[in-house]
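J.: One line per chain: the protein sequences are A and B, in this order. The numbering used here puts the first sequence at residues 1 to 761. The numbering used here puts the second sequence at residues 1 to 761.
Just so you know, the hints here were simulated from the structure itself, not pulled from any lab data. All clues stand as given, with none of them false.
Note that identical chains are pooled: a pair holds if it fits in a single copy or bridges any two copies.
Simulated crosslink set (EDC-like; lysine to aspartate or glutamate; CA at most 16 Å straight-line):
id	residue 1	residue 2
1	72	490
2	477	559
3	526	449
4	117	141
5	398	584
2 protein chains.
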Amino acid sequence: MFQNYLEVAPWHIRENTFDPENHEKSESIFSIGNGQMGQRANFEESYSGPSLQGSYVAGVYYPDKTRVGWWKNGYPEYFAKVLNSCNWIGLRVVIDGEELDLAKHKVLSFSRTLDMKRGLLQRQCIVQLSDGKKEVELVAERFCNLAEPDLGAISYAIKPINFSGGIKITSYLDFDVQNRDSNYGETFWVPLGAMVGEHSGVVAAATKKTDFHVAVAMRNLWLCNGFDFETHAEGTIDKMGAGNVYAFPLEQGKTYTLHKHCAVLSSMNHPKAALMQLAQDRVAMAADAGFESLRAAHVAAWAEKWKHSDIEIEGDAAAQQGIRFNIFQLHQTYTGEDERLNIGPKGFTGEKYGGSTYWDTEAYCLPFYLATEAPRVARNLLQYRYKHLPKAIENAEKLGFSNGAALYPMVTMNGEECHNEWEITFEEIHRNGAIAYAIYNYIRHTEDEAYLLEGGLDVLIGISRFWAQRVNWSEAKQKWVMLGVTGPNEYENNVNNNWYTNYIAAWTLRFTRESIATAQRIDANKTSALLTTLQFDAAKELDHWAAIVENIYYPIAEDLGIVLQQEGFLDKPQQLASDLPLNERPINQHWSWDRILRSVFIKQADVLQGFFFFEDDFTLDEIERNFNYYEPRTVHESSLSPCVHVVLAARLGKIEKAYELYLRTSRLDLDDYNKEVAEGLHITSMAGTWMSVVQGFGGMRIINNQLHFNPMLPKQWSALKFQVRWRKALLLVSLSADAVAVENLTSEKITCFVNGKPLTV
Amino acid sequence: MFQNYLEVAPWHIRENTFDPENHEKSESIFSIGNGQMGQRANFEESYSGPSLQGSYVAGVYYPDKTRVGWWKNGYPEYFAKVLNSCNWIGLRVVIDGEELDLAKHKVLSFSRTLDMKRGLLQRQCIVQLSDGKKEVELVAERFCNLAEPDLGAISYAIKPINFSGGIKITSYLDFDVQNRDSNYGETFWVPLGAMVGEHSGVVAAATKKTDFHVAVAMRNLWLCNGFDFETHAEGTIDKMGAGNVYAFPLEQGKTYTLHKHCAVLSSMNHPKAALMQLAQDRVAMAADAGFESLRAAHVAAWAEKWKHSDIEIEGDAAAQQGIRFNIFQLHQTYTGEDERLNIGPKGFTGEKYGGSTYWDTEAYCLPFYLATEAPRVARNLLQYRYKHLPKAIENAEKLGFSNGAALYPMVTMNGEECHNEWEITFEEIHRNGAIAYAIYNYIRHTEDEAYLLEGGLDVLIGISRFWAQRVNWSEAKQKWVMLGVTGPNEYENNVNNNWYTNYIAAWTLRFTRESIATAQRIDANKTSALLTTLQFDAAKELDHWAAIVENIYYPIAEDLGIVLQQEGFLDKPQQLASDLPLNERPINQHWSWDRILRSVFIKQADVLQGFFFFEDDFTLDEIERNFNYYEPRTVHESSLSPCVHVVLAARLGKIEKAYELYLRTSRLDLDDYNKEVAEGLHITSMAGTWMSVVQGFGGMRIINNQLHFNPMLPKQWSALKFQVRWRKALLLVSLSADAVAVENLTSEKITCFVNGKPLTV
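Same shape as in the complex, but just chain A (with noise of 0.2 Å):
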């Protein structure tokens, strides 16, 4: 096992000490976030040592050149980037002359800790003073409001321990930020304003570009051993800045609290001209509340979220520890509640990747949210895309489609296309069948059929309109192919019929058929109207698409009694990934492109992405068959790659493959298996790490429209414990080695099997 330097727990993340290799790790790990604003874990007081400081704000992002070796006809012109907004966390602290810094004083005893409960991050350390006598205390507590998510909030309390002195403390907002990842080394803010009051500060800038407005304001209080302390303050500001700044004399042995309340608005939500105004009532009326009272209503949030997604597992601490983890970190990043949001591969915890929305959100994380929230999160989700069908098209068209055909991007935060490698950007087109799969996905969990006449029909029609362009007949073959893709597994480009592309195309084009059955089976009229709309020729282009669904080419080894992932699969010279020496791995670090290119091994599940997706399509037998021949030739060098692996184990009764994929799936990042959560979290992955325990160890299926669950536990856990809402109904799964409970919460009536047997709860 990886060792890591984090405490293992039930309900929190700690670290013990303080060590600056650690930090920029800790940074990320112990970030927080409430869905629309979020940060690093960087300290409040100056730190001189390694750092990436983010804060964020949903939504916001700058369209950032491309940075590209050689054009291509087809590519984007611009990559939006999650952007670094205004740093409000700031404080610079002198005691007695000399600024703390924990990268330069004795750190004589530290503790961070991330209280994933009730969503906090706590700080706690004691320095030594370069004289080698003056001991200072800190401890602070922060988060960001999940109650009220405009608003965050510090209380940073300061103790002279030996020594009486004096102190100056800047309390500060600070626009003046970068991205690390910025393409031409540019900045991407331009100031609109900043004030300063005698305990109070705003400042506000706006987007190059997109301009986006954000304004922050602050509110800073003193108390003194818990009770109120008066002091002054001197302002300092600046285009992109303001401080309040603070001097007083510091009493041996007392404590000084300084309550910063923080107001972070966006022009996603406020208008403009209002922006900076709105910024400061904000902050003012959460200042009256109080930092204890808005921690409050912050910590029931958190036992909110938490009464339905919490999971319980029992004899693996360091398990039950990785799951809350996953979930803690999967609600920090999206709440569901604004359908202009989605789910960032990093979250509010880093800036790598850009862009917010990957085929990640249909694959991975839905069935988490369908099954932990009200239906309209997961709604959202697919209202997302909806809204993008417009972007998706013009995409297309961009690349030679027509006729309304939609290819979704690859990454994008507005609908465009950020991506610009050719053989993802134009070849990784598998995305579209996700997407369509959600749907899917969503009414049969929700039985929301209306759904396709409120944007679900337009979006499939848009997607099969694609697939049928995309295939082309092949004369040799006889045969409808997909020539020049790119799968799920990125370690093979530009290959031809990548038979998981060809199966979730088809699909798609079954599905949309269905589904504007369906519709009109809901209202005749309403479809007939939408079809016209879409200009949708029922006749020529239904055959159309049954003639491919009933004649599209599959490539398989008949010997192997395997499905092949893509033409000339067999050609490759055959390996396992047992046989890599382990200083080879991964091999993304270790070899060149060219060498991963041509290889057998694959990146994530690729084949049994959709002997996932379509389970109830295959025999066991022939599930067994795939999964016996691709996971050993799989190095799982995607984050997203153990979980679907984890189910299909679990599936096929190979528990202990199962355990061992989901310890790579459920603590990826706290023990940083691949090297690089200094850049942030995994976060899309770990809705799969919430997969492999529902769907894979607790066995949750959906087959024909019913629910299922065939658990079987890991001989490490004596207890697993979760949620799911199916339909109007909320149950709580109770398994043991030998045991299998399933309470109803609601008096929502439901049937569901357990192992195959009928169960009515």
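With chain A's structure known, arrange chain B on it following the hints.
T.: For chain B alone, coordinates are given in the frame of chain A:
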């Protein structure tokens, strides 16, 4: 046909009116060079309109930090740029307070001429100053001295036609230049020093990183009406430049002529410490010799070049001009005197692409130099690659190859790979085959078998070792296969079993084995010592090679009687280039990359490149079937495409097709077919034009080590004359519609074959 603005004439290129729209094109087309330095046809005086200023010094490059979208393991960090160097032609001409600038004045008459016979760039114009009255005549001539290639000279004459007045003229050197294609907008030169005398100046600078030093010195002499003219100069100097500023009265009707001599010396050829002094010495000597004398030597050197390389075409003035333009530019780019130099794709006519060496050299240029120059010229081109062998081995090691396997770079200056598109850099490996083929071609043309022991065998073994590792055994096919390659047709990427690549790989293995035997025959001891040095395991390696040769997979379409460009080619939607609407061509400007990749369309000869190289291995029937299949699917969007097709078409008696394609290659730049001549000329494809004439219409072939001519003239040509060096002889071949004459210009008796019949001359 394409219209252009240039006069058709046998020995010169001329434009007769000044149109700023054409200026950047003309700057490319009228470029001059002497193999050691060269420059675009920028005006001497200031020009404020669009212009790409460029002066280049052979072999002086800068490794600009690469720009990529997404880094792939194995990419080179640097891209060697052809460097824009000191502007030595500069004059600032101010007449009666008004600066001469053709972008601003009324141009009453204008002609710019490239005298190809004598290697002179000439310009005559009359401009009207802004008062609407004063008229000034300019007559300028300049050359890069072919006889003394570190010298350049300008004669610049000014005549006030209808007024007397005053002139201030600054003759300057300027190192403060940029590359337009700099990846990060950086400049690449650091100043070393500048000095100025009354009629002289010198400036030196060094390239960043590579530390090449270049010093340029000038001497300025004045004449009035052809007689020495005494005038004084002020000096101007800054860290990157030096100038002599003259001011004197102008008398109406008198001609004031400046002779500006320049010496351009680089640390490629001279010690750094002495460079500035040596440049001053050289230019002093030049000035002493005088413009006329230098010009005479230069013109004589050109006469010598033309003596054996000229091609005469009767009856088709455009073709005559085209072929001479091509030959002229080839001579300007590469004279073969320095084995460290090569034939840059843009020569000294632009900065695009960077790197000096592509597989173009071996595949397209070598035959020209073999036939028109002494063998040492072609040999120097081979030695260039031999010297780069260690880098080619390193390059292969970066990709995971071992045991001395060599992969020559796609683009290079010093042997290191510069390119960074994985599908090219890592996959377009057929380039290695062309380098082996060039050795074969050189030896059969010159009979210099001894070359095998002077570098040839080292290179062949390195390349063969690469092929032997690059193929893999396919259990499925029970054949050796080559996966993941890009053939010469770059409109396909990452294909399996590209026929051409497989064929040339197997050919290399055979030829290397034969070459080892040849070397052993010549000098068994030396050969054995060499093989020991190379740790060549003859038994094992030769066996492995033989196994591959015997059992490598070639994709074919039996029913069509053709080989397949790659596996799966027949799955593509079948279309012909003639089906493409004109407004979608060239497809690389109108289609997305995705669409191009999936289409059947071929950029340049791929299968047919193999039939061109290895014509003797196939029956005429086989060649014809493949030509008839592939040529109609070829869009010829590479400048290297038409020539190969011309040669094959002529061979097949398709003389009209050959002529149609010939027109595309011979006047590609003169007629600006691809609308990009402003960026520079397509130097390497010019050698392809030569091949089209000599190997196409002249029907020159080497069959079984014998020289053959099977000529066939297009009906537009009444006669064709060219010379060919063959072993120790020099042949003059004269063709007309019904006669073929071969004259031997040496006393060395040889036998060649005309239309299959032996002819001893």
